[in-house]
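Peer 1: So you can see what is in the structure, the chains are spelled out below.
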Amino acid sequence: MTSQVMEEGAPLRRRAFLASFTKNFLPAVPFVLIFGFFFLFPIARLIYVSFLSNDNNFTLSNFRTAIQEPYRTGFINSIKIGVFSAAIAAFPGALAAYFIETRGNSKLRRTIAVMSGVLANTGGVPLAFMFYAALGIQGQLTKILKYLGWDLYSGTFSLGSFVGLLIVYSYFQLPLMIIVFSPAIVSLRREWSEAARNLGANQFNYWIRIGIPLLFPSFMACSLLLFASGFSAYATANALTVGNLPLTPLQIGGLLDGNVSAAQLNLGKALGVVMIVISACAVIPYLAIQRRSAKWQKR
Amino acid sequence: MAKAIRMKLLPPLALTLLLLGLFVFVPMLSAFEYSIRTPATGGYGWTHYHWAISEEDFFHYIFRSTWLSGVTVLITLLILVPTLVWIHLSDSKIRGIIDGLSLLPLVIPVVAFAVGAQISFPEFVQNTVLELPFLYFVLALPYAYRSLDIGLNSIPLKTLSEAARSAGANWLRTIISVIIPVIRGSVMATIALTFALSLGEYTLTVLLHWDTFPTWVTYVAQDNILGAIAISMMSLIIPFIILTAVTLVIPERNMQGRK
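Line by line, the protein sequences are chains A and B.
Residues in the first sequence are numbered from 1 upward in steps of one, following the working numbering.
Residues in the second sequence are numbered from 1 upward in steps of one, following the working numbering.
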């Protein structure tokens with residue numbers, strides 16, 4: 001009797017499994033296949049290959065080379081440019097987002113959103129050439145600054161130097177800050193400021209006790225995203241520097257193109273993996289904080 | 001009273017806009033001035049723009065970048081809309097996983113992704129330029145996914161699809177003639193975003209040794225920097241004007257995800 005039930009149970013269970021599979025997983029298959037093949041697979045393979053020596057044995061030597069000169073300087077410069085460009089853009093961007101979101105009408109807000117999107121995303125190469133024209137030795141902006149008493153080129157300045165890149169990066173970092181920080185501003189409810197005022201708080205108290213504590217996590221999160229964006233930027237730096245400023249993305253690009261030869265074939269992969277780790281240290285907290293604040297940001 | 005409030009509200013906004021305007025437009029105008037200089041005569045003229053447009057490659061690469069971006073948009077919509085509709089309707093257990101996966105490309109620097117792509121794909125994938133739209137799809141995924149997700153969250157999806165289904169529509173028809181029109185704001189935003197990102201993508205394209213409009217510009221710069229600057233000005237200013245105009249023309253109720 002029991003065995004009979006068991007025998008009938010198996011195909012039933014299989015059918016139930018099929019039904020549940022169709023219902024719960026099947027529609028996700030196209031997405032998972034494409035995403036898996038075009039994203040997860042290359043990343044997994046990158047990590048795997050970064051641990052292989054030239055004759056395909058397991059080794060850590062790629063990573064050992066990756067943290068020595070000249071790659072160490074590359075990482076330090078890249079991290080520095082990420083930190084500085086984020087630090088420069090974060091506060092002005094947040095302030096601009098605040099005034100635009102709280103005081104602008106909807107047309108203005110949408111226009112700014114679109115313009116920020118264009119600047120933050122399609123930047124790259126055109127941006128580099130634009131600054132070459134504006135802030136180059138012959139550029140009009142250079143002349144204006146000189147007229148105002150600030151001679152950019154009196155020292156060692158060039159657009160391909162650290163400071164030069166920092167100026168150009170801020171041109172896409174600031175719009176990026178406006179884009180990513182605006183949702184946090186939108187979710188600051190007017191009722192809270194009114195409630196605080198009714199309870200006798202002045203503007204200063206409101207900001208110290210309510211506004212800043214509420215916005216601070218989002219502000220830090222967005223700054224982290226800006227860091228990741230500055231840290232991994234490639235196009236602008238590639239167009240402006242002429243090998244005078246070691247940055248990790250450029251070093252990887254050089255190894256990939258075969259312009260730079262290295263004794264270790266898989267060194268570029270190890271550099272890529274270290275970049276992923278550093279970038280993840282910034283982006284994952286960003287995503288985690290965003291998710292947390294999304295809870296109270298829902299209306 | 002109203003006037004007093006306006007007086008109190010406006011100065012910070014006006015100051016912000018003034019500073020932002022200076023920040024954005026001074027370098028842009030300065031670069032524009034540079035791009036219309038004609039060193040030969042010492043005056044101004046459209047020489048470099050004429051030169052760029054009369055280059056055969058100019059339209060060749062614009063055309064190529066445009067159709068690649070079009071294919072990317074198509075792939076994005078074909079994959080994401082059905083997947084997201086299903087995720088929203090079924091409350092499947094894997095929703096969290098797919099949400100998380102869609103954000104992963106944000107974590108990976110594009111340079112590292114390019115290295116991975118170069119060492120992973122079989123020949124037949126690497127030999128066709130059609131690999132690019134799939135890779136662009138991955139790069140745009142975090143934004144496209146979120147934009148569609150917000151759109152679907154803001155409508156009574158279950159009611160709509162049940163109504164369409166009980167009126168005899170199959171799933172394809174439900175998605176095409178009911179769901180997409182209702183979330184057209186999000187769909188338009190997704191299209192614009194994916195298209196713009198694909199059109200301007202440089203890092204991945206150049207590291208995988210493909211030529212598109214942005215990589216052609218750097219190639220031009222080696223011989224004719226003024227021509228490259230003219231092209232760059234066009235590729236910054238034209239999308240600026242078109243997108244701003246489109247935003248101002250589209251009525252507001254179609255824009256979802258913003259309050």
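Just so you know, the hints here were simulated from the structure itself, not pulled from any lab data.
Each residue gets a CB set at the ideal place from its N, CA and C atoms; glycine is no exception.
Do not rely on the hints blindly, as some may be mistaken.
[Claimed, not checked] Covered stretches of chain B (chain A as the covering partner; in silico rule of three or more C-beta atoms under 8 angstroms from a C-beta of chain A):
{"no.": "1", "stretch": "45-51"}
{"no.": "2", "stretch": "57-71"}
{"no.": "3", "stretch": "104-111"}
{"no.": "4", "stretch": "132-146"}
{"no.": "5", "stretch": "151-165"}
{"no.": "6", "stretch": "178-185"}
Peer 1: Each hint should be assessed against the structure and marked as holding or not.
Peer 2: Right, here's what the structure says about each hint:
no.: 1; hint: 45-51; result: violated (count 0)
no.: 2; hint: 57-71; result: violated (count 0)
no.: 3; hint: 104-111; result: holds (count 8)
no.: 4; hint: 132-146; result: holds (count 5)
no.: 5; hint: 151-165; result: violated (count 0)
no.: 6; hint: 178-185; result: violated (count 0)
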